[in-house]
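Protein chains in written order, with numbering that gives the first Met the number 0: chain A, 0 to 281; chain B, 0 to 174.
A few of these clues could be false.
[What the hints assert, rightly or not] Between beta-carbon pairs, the in silico distance windows are:
| hint | chain 1 | residue 1 | chain 2 | residue 2 | range |
| --- | --- | --- | --- | --- | --- |
| 1 | A | M0 | B | E17 | 17 to 23 angstroms |
| 2 | B | T1 | A | G205 | 57 to 63 angstroms |
| 3 | A | A278 | B | E17 | 29 to 35 angstroms |
| 4 | A | R172 | B | E54 | 35 to 41 angstroms |
| 5 | B | G96 | A | S265 | 42 to 48 angstroms |
| 6 | B | K165 | A | D121 | 49 to 55 angstroms |
| 7 | A | E87 | B | D114 | 40 to 46 angstroms |
Since the hints were derived computationally from the structure, they do not count as laboratory data.
The C-beta atom is built at its ideal place from N, Cα and C for all residues, glycine as well.
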Amino acid sequence: MKLAYYPGCVSKSTGKEMDASTRAVCAALEIELQELDDWNCCGATHVSNELVATGLAARNMAQTDLPIMTACSICYSNLRAAAMRLEEPKILKRVNAVLDKKYSGSIVRHALDVILETLVEDDERMVVPLKELKVAPYYGCLLTRPTGIYSPEFPTILEELIKRLQAEPVDFRLKTFCCGGPIFMPQEKAADDIAFRILSDAKNAGAEVIVTVCPLCHLMLDAKQKTLEQKMGEKIGIPVLYVTQLVGIALGLGPDELGLEMNSVSPMAMMEKVYERMAEGA
Amino acid sequence: MTGDEQFKQEVLRLAGAEVLTCIQCGTCSASCPTANLMDPSIRKLIKLCLEGKKEEALHNETLWLCTSCLLCTVRCPRGIRPKAVVSALKDIAEREGLRSKDADYEQFFLKQIKDYGRIAELALTGEFLLVFPQGAVQSMKMGLELLPKGKISMEIEKIKGRDEVKRIVEELRRE
């Protein structure tokens, strides 16, 4: 399978391990990625004019004829929302009038869905079974919204993938609750409060690890976890992995390839447990 | 058309005429992750728009507490997109030059897109702290966490198609 790859701005900074693990897992699964030519920012959640947001997404989508894959839920949501708006002929005409390469339709996919399609049940490439590993499937908001692909209230695709890796999804009430990320800079208190609720809920659900599909969710739950623990006076201590990192572990890829050293809460103790259980099972 | 009516029509143009069908049920407010901090609530904000109360609709924290999670939008029984109403109000506020730390943050973000085509997080944070020094403690903590992990990039990447991106931002914004 060959896809165009849209890394998104965070791939160069706070989401480096998202980018590294996405490339490594796709290589291992023989998914050929061709980085989108001269891609631009999707506008994230900060472009309030919808037509401008649509134009920014359309410029990216017009760079290729291949289906486009991204591992960032914000980019994913923005490209999908734009593709829906561009079905309206008036909007298409208006947007194409300012584009160099014209937009004429595009298929947008999230890495999660591409991986799930590629990885078959009992896939022999999964050399490290994640047996008994309790995983909190954290969807956040934008993988499922706008609607059209997954249920925005109770999606189950992450649980499906977790089970395919032979791990156990935990019952996690706040799995589609917002992490507060988009407003964490100017509205720190509001964002901290809701991010901590999610961490607390994952802990109460007995999670050994949380998986995310969005770099902003990851930043809030991983990079901010220590600060939030201090602020709220409660220990969490749960590693937060990108879904591509978790898949990479199951595929036997190394910590370097998956950028595991870049996670704030170290997943090494969790990894040891995985290997212990594997040795017991063998 | 009175100023009030003009404002209402502008919100409807940007967020969709279906906003007129709001029944004030409050599903949007009940779904909002930051509702406890909002005054007016998102339900009330929509009412203010429909009543043409421009000043009250534009000058509040509600606009800036929206996380863009879209839960209001997927749940509205009338098919209204309350988040799009918030975006419309931010767009109007930007055009009218309304200043606040939150409005400035969005402006810095958009300016980076216009100038570079991509976001350089470090430069964005630096620029924001100049107008909001109170954010320095949080940013410092975040920096100390991310720097040793190699996740802070000092580079500003500029794309080749900057002129095109600038055109998208400037021309599509015009009515």
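Exercise for the section: Kindly indicate which numbered hints from before are broken by the structure, ordering the numbers from low to high. Expected result: Hints 1, 3, 7 not satisfied by this model.
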